[in-house]
Amino acid sequence: MFKFITDKPLWVNIATGIGLILMLILLFFGSLDWITGYGKFEKVPNVAGQHILAAQKILEDKGFEVVILDSVYIDTIAKQAVIKQAPEADAVVKTGRTVYLTLNRTIPPQVEMPNLTGFSIRSAEMYLQSLGLKLGFVTYKPDIARNAVLEQLLNGAPVKPGEKIAIGSVINLVLGSGVGGDETDVPDLVGLTLDQARSTLSSLNINIGSIVASGMIKDSAAAFIIKQNPPLVSDVPGADGLPVKNKIRQGQIMDLYISEQAPIKDTTSNNP
1 MFKFITDKPL WVNIATGIGL ILMLILLFFG SLDWITGYGK FEKVPNVAGQ
51 HILAAQKILE DKGFEVVILD SVYIDTIAKQ AVIKQAPEAD AVVKTGRTVY
101 LTLNRTIPPQ VEMPNLTGFS IRSAEMYLQS LGLKLGFVTY KPDIARNAVL
151 EQLLNGAPVK PGEKIAIGSV INLVLGSGVG GDETDVPDLV GLTLDQARST
201 LSSLNINIGS IVASGMIKDS AAAFIIKQNP PLVSDVPGAD GLPVKNKIRQ
251 GQIMDLYISE QAPIKDTTSN NP
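Numbering (my numbering), first residue to last: 1 to 272.
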């Protein structure tokens, strides 16, 4: 073979070499469209919501490469379903391009249960949402902490702060009704100043409702309580015919009537 080449004049070998190089260049550029798929375009199918296996087959049948880019968790979407694709559906791209998929995770990630005790219902709900948790049923039980969270439950059982739970879990809350569970005698406020009455009710965790003034009052704090509702005793006598003291719970309210003139108390009718 080498003798065949060396037997030829130099200019013939040079010309042959140049011809071969030109032929290879022409062959390369002639097949470039076939190699790169130049001029061949395809519309990207919509695979959102499809299971990854079905989505992969649809895309590969159209000549696309498939790469799983990321995974997130959404509890309202089927596991292993496509959540997002890039390029987006109906985009016209070159055949053979890579389509990147984001999938819904099979196993939900976990978060630490927060301590919601004392939170208002609105604040507790916003906190749960920020962690990917859901607010379930809200129930109430007697407690002076009105609308404050007293207990947090998962599947009917208490869940401790810091306990690992799955994102998407439903948390039920128990709130205070604003009324205590134990009854006590209605305090006798008639004859006290408004300031004194406030102190007495505060110590009993009883709230003041309406304050009704009788006549002109210059200093309401120093005004006297002339009437209260509920009153000290019931209008209905007991079985023995004697007056019965009214009861009140923590968190309930009392309406007060005030005047600049101190009342004259009937100390004989209020004692059962």
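Think of the hints as simulated: they come from the structure by calculation, not from any bench. Some hints could be false.
[Unchecked claim] As a list, the in silico DMTMM-like pairs of lysine to aspartate or glutamate whose alpha-carbon atoms are at most 20 Å apart:
1) K57 with D75
2) K40 with D61
3) K164 with D143
4) K40 with E88
[What the hints assert, rightly or not] Okay, the calculated beta carbon distance ranges per label pair:
5) P158 with A91: 19 to 29 Å
6) F41 with P158: 55 to 65 Å
7) I264 with A157: 56 to 66 Å
8) K227 with M126: 17 to 27 Å
9) A239 with G136: 16 to 26 Å
10) K79 with E183: 34 to 44 Å
11) V72 with G136: 18 to 28 Å
12) K79 with K57: 15 to 25 Å
13) T76 with N205: 14 to 24 Å
14) M126 with V92: 20 to 30 Å
15) P230 with K79: 57 to 67 Å
Even for Gly, the Cβ is constructed at its ideal location relative to N, Cα and C.
Hint by hint, here is what the structure shows:
Taking the CA atoms of K57 and D75, the gap is near 25 Å; set against the 20 Å cutoff, the hint is violated. At most 20 Å may separate the alpha-carbon atoms for a hinted pair to count; K40 and D61 meet this at roughly 15 Å. Among the hinted pairs, K164 with D143 is inconsistent with the structure: their alpha-carbon atoms are about 29 Å apart, more than 20 Å. Straight-line distance between C-alpha atoms of K40 and E88 comes to about 18 Å, which keeps the hinted pair within the 20 Å bound.
Evaluation of the 19 to 29 Å hint for P158 and A91 yields a failure: the beta carbon distance comes to about 51 Å. Here the CB-CB span from F41 to P158 is close to 60 Å, well matched to the stated 55 to 65 Å. With their beta carbons about 59 Å apart, I264 and A157 fall inside the hinted range of 56 to 66 Å. Between K227 and M126 the beta carbon distance is about 43 Å. The supplied range of 17 to 27 Å is therefore violated.
At roughly 46 Å, the beta-carbon separation of A239 and G136 lies outside the given 16 to 26 Å, and the hint is violated. Look at K79 against E183: about 53 Å separates their beta carbons, and that is not inside 34 to 44 Å. Checked against the given bound of 18 to 28 Å, the beta carbons of V72 and G136, roughly 23 Å apart, stay inside it. Checked against the given bound of 15 to 25 Å, the beta carbons of K79 and K57, roughly 18 Å apart, stay inside it.
Distance hint check for T76 and N205: the Cβ-Cβ separation is about 44 Å, which falls outside the suggested range of 14 to 24 Å. Look at M126 against V92: about 43 Å separates their beta carbons, and that is not inside 20 to 30 Å. Remark: the range hint 57 to 67 Å for P230 to K79 is upheld by a beta-carbon distance near 59 Å.
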